[in-house]
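K.L.:
Make a model of the complete structure from these sequences and hints.
So the protein sequences, as listed, match chains A and B. If you use the working numbering, the first sequence corresponds to residues 2 to 109, in order. If you use the working numbering, the second sequence corresponds to residues 206 to 321, in order.
Read the hints as simulated data drawn from the structure, not as lab findings. Do not rely on the hints blindly, as some may be mistaken.
As the list claims (entries may be wrong) - Pairs of lysine-lysine, DSSO-like flavour, derived with a Cα cap of 30 Å:
| # | chain 1 | residue 1 | chain 2 | residue 2 |
| --- | --- | --- | --- | --- |
| 1 | A | Lys96 | B | Lys262 |
| 2 | A | Lys70 | A | Lys53 |
| 3 | A | Lys53 | A | Lys96 |
| 4 | A | Lys53 | A | Lys4 |
| 5 | A | Lys96 | A | Lys4 |
| 6 | B | Lys276 | B | Lys262 |
| 7 | B | Lys262 | A | Lys4 |
| 8 | B | Lys216 | A | Lys96 |
| 9 | A | Lys70 | A | Lys96 |
| 10 | B | Lys262 | B | Lys219 |
| 11 | A | Lys4 | A | Lys70 |
| 12 | B | Lys276 | A | Lys96 |
Claimed, not checked - Covered stretches of chain B, as calculated for chain A (at least 3 residues, CB under 8 Å):
| # | region |
| --- | --- |
| 13 | 251 to 261 |
| 14 | 287 to 293 |
Claimed, not checked - Reference excerpt, derived from the structure (chain A facing chain B, CB under 7 Å, subset only):
| # | residue |
| --- | --- |
| 15 | Cys13 |
| 16 | Lys96 |
| 17 | Gly102 |
Think of the CB as a built atom: it goes at the ideal place given N, C-alpha and C, for glycine as much as any other residue.
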Amino acid sequence: DAKTTQPPSMDCAEGRAANLPCNHSTISGNEYVYWYRQIHSQGPQYIIHGLKNNETNEMASLIITEDRKSSTLILPHATLRDTAVYYCIVEYGNKLVFGAGTILRVKS
Amino acid sequence: DTGVSQDPRHKITKRGQNVTFRCDPISEHNRLYWYRQTLGQGPEFLTYFQNEAQLEKSRLLSDRFSAERPKGSFSTLEIQRTEQGDSAMYLCASSLVVTGGSYEQYFGPGTRLTVT
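P.N.:
Pasting the structure below:
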C-alpha cells in the first residue's frame, strides 16, 4: 500500500495560511490523495481529495505536484478551531490507511 | 442529512463480557466501514460492507469480533469475551460509492470502549 510521510507537528499563527506537506512517493496512477482531520475526541472529518489537479473547496485547497509524489494542504486563514491532527491518506483499495498525521497547533 | 451516528458513545465493561455497538450511517450511503483507534494512533481499518455484504475484514478482526449489516442500513459490531487490549475508540464511517468515482468517507463520533 502507498504510504505517506508527514511532519509530526506544525505551528501556525491565527489568521495566517497553514501549509501542511505530505510525501507519497509510491502513489500509483489511479490512487487519490485524501485529507482528513481529527479534533480531539471526535471522529475524523473529511477535508478534501484529489487525483491530479489542484482542488479547492470551502475548507481548504489541495496542491498536488505534477509527478504526484507530494501534496500540500492549505488552510487559507487558520483559526484556533483548526487545531487538530491532519491526516494525508492515499486511498488503498476500499479502505483508508491512516498514518500518524501532523498535529497542527494554531496559536493566537 | 443527520450524519453518521453511533451508540453508545461510551462503554465500560469488565474483562470477559460481551459488548455490542451500533452504527447508523448517512441514509442512502451504500458502504459502511468500521475502524479502531487507540490512544495516540491513527484509525485502523477493521471491516467494511457494501450494502449488506461484508466484503473485507482486516487481520485485526479476530474471531472474537463480528460485524453485521443485516438490511444494508445500520450495522452492529460485537466483541465477545472482551480483553483489556480491546480498549479503544471504535469508529464507524459511511460513503456513497458510485462505479468509477472517488468517494469520501464520513465518520461518526465513535464509541469509546474501556475494558477493566
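K.L.:
Against this structure, judge whether each hint is valid.
P.N.:
Tested hints:
1. A:Lys96 with B:Lys262: 10 Å, holds
2. A:Lys70 with A:Lys53: 10 Å, holds
3. A:Lys53 with A:Lys96: Satisfied, since the Cα-Cα distance of roughly 20 Å is no more than 30 Å.
4. A:Lys53 with A:Lys4: 17 Å, holds
5. A:Lys96 with A:Lys4: With a Cα-Cα distance of about 13 Å, the restraint between Lys96 (chain A) and Lys4 (chain A) holds, given a limit of 30 Å.
6. B:Lys276 with B:Lys262: 19 Å, holds
7. B:Lys262 with A:Lys4: Distance ~20 Å between Lys262 (chain B) and Lys4 (chain A) Cα, so the pair holds.
8. B:Lys216 with A:Lys96: Judged against 30 Å, a Cα distance of about 26 Å means the pair holds.
9. A:Lys70 with A:Lys96: Measuring from Cα to Cα gives roughly 20 Å; hence the hint holds.
10. B:Lys262 with B:Lys219: 26 Å, holds
11. A:Lys4 with A:Lys70: This hinted pair holds, its Cα atoms lying about 11 Å apart.
12. B:Lys276 with A:Lys96: Between Lys276 (chain B) and Lys96 (chain A) the Cα gap is close to 22 Å, so the pair holds against 30 Å.
13. 251 to 261: Held - the region 251 to 261 of chain B has 3 residues with a Cβ nearer than 8 Å to chain A, which meets the minimum of three.
14. 287 to 293: Coverage by chain A is violated for the region 287 to 293 of chain B (0 residues, Cβ < 8 Å).
15. Cys13: Constraint on Cys13 (chain A) not satisfied, violated at 21 Å.
16. Lys96: Holds, about 4 Å.
17. Gly102: Nearest chain B Cβ about 6 Å off; hint holds.
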